[in-house]
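Add chain B to chain A, keeping to what the hints say.
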Amino acid sequence: MIRSFFNRLAGNRILQHLTFWLLAFYVLLRIFSGSGELLKIDIYYTLIFILTLLPGIYLNLLILIPGLLSHGRYILYILLIMISMVLTAGFNIFTFSVLIDYIFPGYYFISYYDFIDLMKFVITLTTITTLLKFSKGWFLLMETRNKISMLEKENAETKLLALKSQINPHFLFNSLTGIYALVIKQAVNAPEVILRLSHFLRYILYEATGTSVGLSNELEAMKDYIELQKLRAGKQATITFEMDGDPGNYQIVPLLFLPLIENSFKHGIKGETGASFASFFFKIGTGTITGNFSNNKGKSEELSGSSYKGIGLNNLKNRLEMIFPGKYLFTVDETESTFDVNLTIPLDE
Amino acid sequence: MVEDEPLSQEVMISYIADIPVLELVKVCNDAIEATEVLRVTQIDLLFLDINLPKISGIRLLQTISNPPLVIFTTAYPEYAVQGFESDAVDYLVKPFPFERFLKAINKVTERFALKNVKTSGDVKIPEEPSGFLLLRVEKRVHKVNLSEIRYLEATGDYIKVFVADRCLIVHETFKSMADLLPRSYFIRVHKSFIIPIQRISYLEGNQVKVDDKLFPIGLTYKEELMKRLNLSTRRG
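So the sequences go chain by chain: A and B. For the first sequence, numbering that gives the first Met the number 0 puts the final residue at 348, and the numbers step up evenly by one. For the second sequence, numbering that gives the first Met the number 0 puts the final residue at 235, and the numbers step up evenly by one.
Looking at chain A on its own, in the form it has when it is part of the complex (with noise of 0.2 Å):
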């Protein structure tokens, strides 16, 4: 209750100026009315006292602060700030001098109070409604800000995800020592490796930087990734990669199945000294794709100390989730000594 009176408070401007005058309405009748009873006389007088400063006061708020102070016209602000307080407080005492007789001609009005008292009110209040409305201005600038850097924080993050998800050093170095070992060797394939690893790099670099790909040329970057890998693993690994469907003419958003290759590799083949396998398999529906990729658990250490951690599942159902809300399906399934990764995401034509 008390809560909900105050967030509508704080939307709605109306609401405060009210309540800021009923409460400089209520603390100026108690200093009117004295210490004796309240008199209905007394509650004219503040109404109307109250009346001959707003003029004065808005147009301090309304016009003199936002066009003069907010542009930093300080000399001529003070002036007409002052100017304005005087004519307010004479304003004040015309009315209760002059105009009191024709608003309220039954009563009769003694004001207590000379131009200098008038002017400490006037002062006062001025202050008081020039300090709220600064105090306002900064807490919006406050939520501002903090809304700027969540969303400037939210964005690099964002970024160095997609950048991090797109290429792992580790990955281009170990291709390189493997390639290196082809070469001393003087393997008759170590120019088609080299090949390989030019055409994944300039995929990843130049052409998986949008926010669609044609999946044609996805695919066949996939293969070359995990041709490469191949370098690197045992010879009792198995490792297969297969297909189903035509990929067509169809566009796919880049890189979301990487993440999941790679940590088979990381887990699955580099994890076991014995027969290690991982399989790849993608079957291309109608305005759909899924990858279906299992590997044989195998354990290995997380080192301390890497600055690359790869992505997580977690992340990668986060980035899923952002871009394809509710339109994909992706299940893991974990037995004792495999994993399963089931990811079906939608296509554009």
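Just so you know, not all the hints are guaranteed correct.
[To be verified] Quick list of in silico lysine to any residue cross-link-like pairs, SDA-like style, CA-CA up to 25 Å:
hint	chain 1	residue 1	chain 2	residue 2
1	B	Lys53	A	Asn313
2	B	Lys53	A	Thr337
3	A	Lys296	B	Asp17
4	A	Lys234	B	Val24
5	A	Lys298	B	Asp17
6	A	Lys184	B	Ser85
7	B	Lys25	A	Tyr179
Everything labelled a hint here was simulated from the structure, so no lab data went into it.
Structure of chain B alone, referenced to chain A:
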């Protein structure tokens, strides 16, 4: 050697085969296999990959009670600090050329000599250096006994190493060569000369006589030479 990737294994095997003093005992695919070999065989030097299946190379080294000398071979430069903390002789980041490998082996022979002195309890420095140096000259790796080195001379990008009756021309910087030689036996007396300190017969002005040859003494090297000679006379 502990290395799980076949291609890296092949490179290491060929490097090791090219160095006369190294004898490959076993190629292990993971830490568990290596532990078993270490338990039953006397191993002097271990080439250890870090990113291995099951247990990392660093962890393996921590679990061995009396570890041999270790050279880490890995594609990951970020573990170098951890690697050296575990008292490794060297840390090779894959892919590395044969020259870099050779340098690591030279560090090993130096350490090995040191280790033997320590275990024998003999702290007195013997007259003649006992170790050796591996130098690559074109396709061959020469084993050079430190005691046979007469002097070294820098010529451009190459270093002439005069050993007994031979002269080997090595492609190396003079600075890194100076670092390879044990400091207690060799001293640089000139921009272009390193001589064995024990063989000095006399000094004359800005020249020093070693065996039957006079060498110039460079200004910047003179102070160090005098200091070292004083120390050795006092010791003798």
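Okay, the hints, checked on the actual structure:
For the given pair, lysine 53 (chain B) sits about 24 Å from asparagine 313 (chain A) by alpha-carbon distance, which is consistent with the 25 Å threshold. Taking the CA atoms of lysine 53 (chain B) and threonine 337 (chain A), the gap is about 16 Å. The hint holds against a cut of 25 Å. The suggested pairing of lysine 296 (chain A) with aspartate 17 (chain B) is violated, with an alpha-carbon distance near 38 Å, which exceeds 25 Å. Our distance criterion of 25 Å between C-alpha atoms is met by lysine 234 (chain A) and valine 24 (chain B), whose separation comes to about 21 Å.
Restraint check: the Cα-Cα separation between lysine 298 (chain A) and aspartate 17 (chain B) comes to about 35 Å, which exceeds 25 Å; the hinted pair is violated. Only pairs whose Cα atoms come within 25 Å are accepted, and lysine 184 (chain A) paired with serine 85 (chain B) is rejected, the gap being roughly 33 Å. With a C-alpha separation of about 23 Å, the suggested pair lysine 25 (chain B) and tyrosine 179 (chain A) falls inside the 25 Å cut-off, and the hint holds.
The structure fails hints 3, 5, 6 (numbered hints given earlier, in ascending order).
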